[in-house]
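Enquirer: Full structure from sequences and hints, please.
Line by line, the protein sequences give chains A and B.
Just so you know, we're using this note's numbering here: the first sequence kicks off at 1 and counts up by one.
Just so you know, we're using this note's numbering here: the second sequence kicks off at 1001 and counts up by one.
Hint data in this document are derived by calculation from the structure and do not stem from the laboratory.
Quick caveat, the model's predicted, so the values are computed rather than measured.
All C-beta atoms in this analysis are idealised placements derived from N, C-alpha and C, irrespective of residue type, glycine included.
Honestly, I wouldn't trust all of these hints.
As the list claims (entries may be wrong) - The following residues of chain A were derived to be distant from chain B, with all beta-carbon distances above 12 Å:
1. I80
2. D143
3. I274
As the list claims (entries may be wrong) - Simulated restraints, written as ranges between beta carbons of each label pair:
4. A119/A to D1025/B: 54 to 60 Å
5. R1115/B to E295/A: 25 to 31 Å
6. R1115/B to A97/A: 42 to 48 Å
7. D1197/B to E295/A: 31 to 37 Å
8. A21/A to D1311/B: 48 to 54 Å
9. D1169/B to V93/A: 44 to 50 Å
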Amino acid sequence: MDGVTRMRTSSRSSGGRTSRAARAALLAPGLVAIGVSFLVPLAWLARMSLNRTVGSAELQSAVSPQSYVDVLTDEFVWKIAWQTLQLGVLVTVLAIAVSYPIALFLARTRSRLRGLLMALAIAPLLTSSVVRTFGWLTLLSDDGVVNSVLSGLGVTSEPLTLTNNRTGVVIALVEIMMPYAIIAMIAGFGRVSKDLEDAAGSLGAGRLRCFLRITFPLSLPGVLTGALMVFVLTISAFVTPRLMGGGRVFVIATEIFDQATTTLDWPRASALSILLLFLFGVFLVLYQRLFRLVEGR
Amino acid sequence: MEDAYLVLSKLTKTYPNQPRPAVRDVDIDVARGEFISLLGPSGCGKTTTLRMIAGLIVPTSGGIRVGRVDMTNRPVHKRDMGMVFQSYALFPHMSVGENVDFGLQMRRIPKSERRRRVAEALDMVHLTHLANRRVSQLSGGQAQRIALARALVIEPTVLLLDEPLSNLDAKLREELRVEIRRIQQETGITTVFVTHDQDEALAMSDRLVVMSEGRVEQVGEPWAVYETPRNRFVADFIGRTNLFDGLAVGRDDGLLRVAVEGLGTLSVRTPETGRTSVTVMVRPHRVQLEPVEQLANELKGRVVQSSYLGDVESVVVEVDGVRITAERTHSGRPLALGAEVRLGWGDTDAYVIPQ
Ligand SMILES: Nc1ncnc2c1ncn2[C@@H]1O[C@H](COP(=O)(O)OP(=O)(O)OP(=O)(O)O)[C@@H](O)[C@H]1O
Ligand SMILES: [Mg+2]
Chain A
1 MDGVTRMRTS
11 SRSSGGRTSR
21 AARAALLAPG
31 LVAIGVSFLV
41 PLAWLARMSL
51 NRTVGSAELQ
61 SAVSPQSYVD
71 VLTDEFVWKI
81 AWQTLQLGVL
91 VTVLAIAVSY
101 PIALFLARTR
111 SRLRGLLMAL
121 AIAPLLTSSV
131 VRTFGWLTLL
141 SDDGVVNSVL
151 SGLGVTSEPL
161 TLTNNRTGVV
171 IALVEIMMPY
181 AIIAMIAGFG
191 RVSKDLEDAA
201 GSLGAGRLRC
211 FLRITFPLSL
221 PGVLTGALMV
231 FVLTISAFVT
241 PRLMGGGRVF
251 VIATEIFDQA
261 TTTLDWPRAS
271 ALSILLLFLF
281 GVFLVLYQRL
291 FRLVEGR
Chain B
1001 MEDAYLVLSK
1011 LTKTYPNQPR
1021 PAVRDVDIDV
1031 ARGEFISLLG
1041 PSGCGKTTTL
1051 RMIAGLIVPT
1061 SGGIRVGRVD
1071 MTNRPVHKRD
1081 MGMVFQSYAL
1091 FPHMSVGENV
1101 DFGLQMRRIP
1111 KSERRRRVAE
1121 ALDMVHLTHL
1131 ANRRVSQLSG
1141 GQAQRIALAR
1151 ALVIEPTVLL
1161 LDEPLSNLDA
1171 KLREELRVEI
1181 RRIQQETGIT
1191 TVFVTHDQDE
1201 ALAMSDRLVV
1211 MSEGRVEQVG
1221 EPWAVYETPR
1231 NRFVADFIGR
1241 TNLFDGLAVG
1251 RDDGLLRVAV
1261 EGLGTLSVRT
1271 PETGRTSVTV
1281 MVRPHRVQLE
1291 PVEQLANELK
1301 GRVVQSSYLG
1311 DVESVVVEVD
1321 GVRITAERTH
1331 SGRPLALGAE
1341 VRLGWGDTDA
1351 YVIPQ
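Expert: Next up, the structure:
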């Protein structure tokens, strides 16, 4: 009797150990990849941000908060941080607004073309955002397609300035972010269901009230996930603000680039990067709070 | 029916790109306060029919009427019908109380009255204490009761239930069966209940509608459908049964004599059918093993299968190549395989299926 019990216990615990070892083994490649490609550079970045720059672009090894102090007391940094946030919010709101109906449609359709439509919606991801930005440049430039059509129709006499400014950056970013928004939202629409909408209908809710009271609230987790995705990608976007902004739109990412390549102030660039990362963290926490709220847990 | 309340006439639905209609020419009259079950095998069109009544599916042709009002083209939210879904379909972002309140809010009923009616509805399903619970914290049985309360609180003209019990375990199912029937009788609401569980349908309904492949096979009270099925499909689908195909060879004194291969000539008390090729039905519990009295039909055979089910023993006896299922209720020790047994049934224990 005793022997049997002991055998059972030991076999169970050894089983547990094996599966734990197996789990560790399965996780290892991923952990190594994350470690090498993310944590190591991050540690390097954090270390770099504590170094100092003396004179013009001479790197001096140190452990000093000087770069952070410089960055945080620089009014220009605050200004571009504010602009970055504004851009992030604006692009997020617009990208979510235009993607929402598409995502909702794709999530609910029973059409045989669903797969094809889905592929079409995310196909833009097949080209890099550099290429797509150049595409928008040719569309929106002073003698581009949009302005030619507008002046051809006599709608405008002067070409609209749609490039080398914020407007162009916003337009291009919104379009570039749409596939991400759509994917993230569809993934988060799991609680939207036909049965619930039917139930609301049978209880007397017309289409609009059904959407406002049932479909929309249940889609909020998806909206939040999409918004976080778009927001994070937007405030860290570099290529599009740089190219569409024509050097006149400043965001944190372009500033980091300038500090690292033009001014060659690596500690300052690193400090800015760490601050941007900190900002991501803040929004991630905010997102989780909101998510729990809309999930109703 | 003179006082038909819910009337389906020639209701037909063909889904897009489907060769055959899922529901075809369904005519059903439901009286006010009646509990009617749609029963049939999977895919026979029960859900489609129910959803057409609810307004969730647009019929291809035919009509739906409640009282004097034509409902055929009325959108779902204006039909005033309560529906309970197999998946419960409780709104996960609302509390139990808010779920029940939803239909009343849609009707713009004053708050004080809403509060009273929600409380009454929760009381009716004995779940008043759960009003503030999250829907995710309910058990299956509780969720289904709440779904019922939510559908009934709006005082619908008709209550529609689509397999409301099929996600529950057997014990709970039986409990809720009784409860649904109690509430239905208390409120006197006209109810259409969809199920593929014949016990459920037999136990709960005033009348059954047996469906197959989109058509209505038979409508009738449970006992009538069980005892006098209109055709072979119904006989086979409702309850266990023995069916013997044979030839009518003679008739005297209200007794039809049917020759069945392997069984000889059987005697069945039946009105004139005027057919020569007939199907005789004998329910297993009407077949007596080792009968003590003289019976109109007596046979000898060997036990080839025996399933002991506790309250009954289901025995399959082979008589000259024909298998006959019998049920013993007073059983004790089950019969041994291969045992020789006598079996029989009276002339009123059999029934000739009309079609
Ligand atoms: N949206 C649809 N498009 C095409 N065919 C459908 C659709 N819904 C149901 N059908 C078909 O119509 C027939 C009837 O379906 P229905 O759901 O009414 O059956 P049911 O009797 O409720 O079956 P079950 O007991 O499995 O729920 C089935 O053959 C089904 O495949
Ligand atoms: Mg069904």
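Enquirer: Against each hint, give a clear statement of whether it holds in the structure.
Expert: Hint check results:
no. : hint                          : verdict
1   : I80                           : holds, 39 Å
2   : D143                          : holds, 49 Å
3   : I274                          : holds, 38 Å
4   : A119/A to D1025/B: 54 to 60 Å : violated, 42 Å
5   : R1115/B to E295/A: 25 to 31 Å : holds, 27 Å
6   : R1115/B to A97/A: 42 to 48 Å  : violated, 37 Å
7   : D1197/B to E295/A: 31 to 37 Å : holds, 35 Å
8   : A21/A to D1311/B: 48 to 54 Å  : holds, 52 Å
9   : D1169/B to V93/A: 44 to 50 Å  : holds, 48 Å
In summary, the structure is inconsistent with hints 4 and 6 from the numbered list given earlier, while agreeing with the others.
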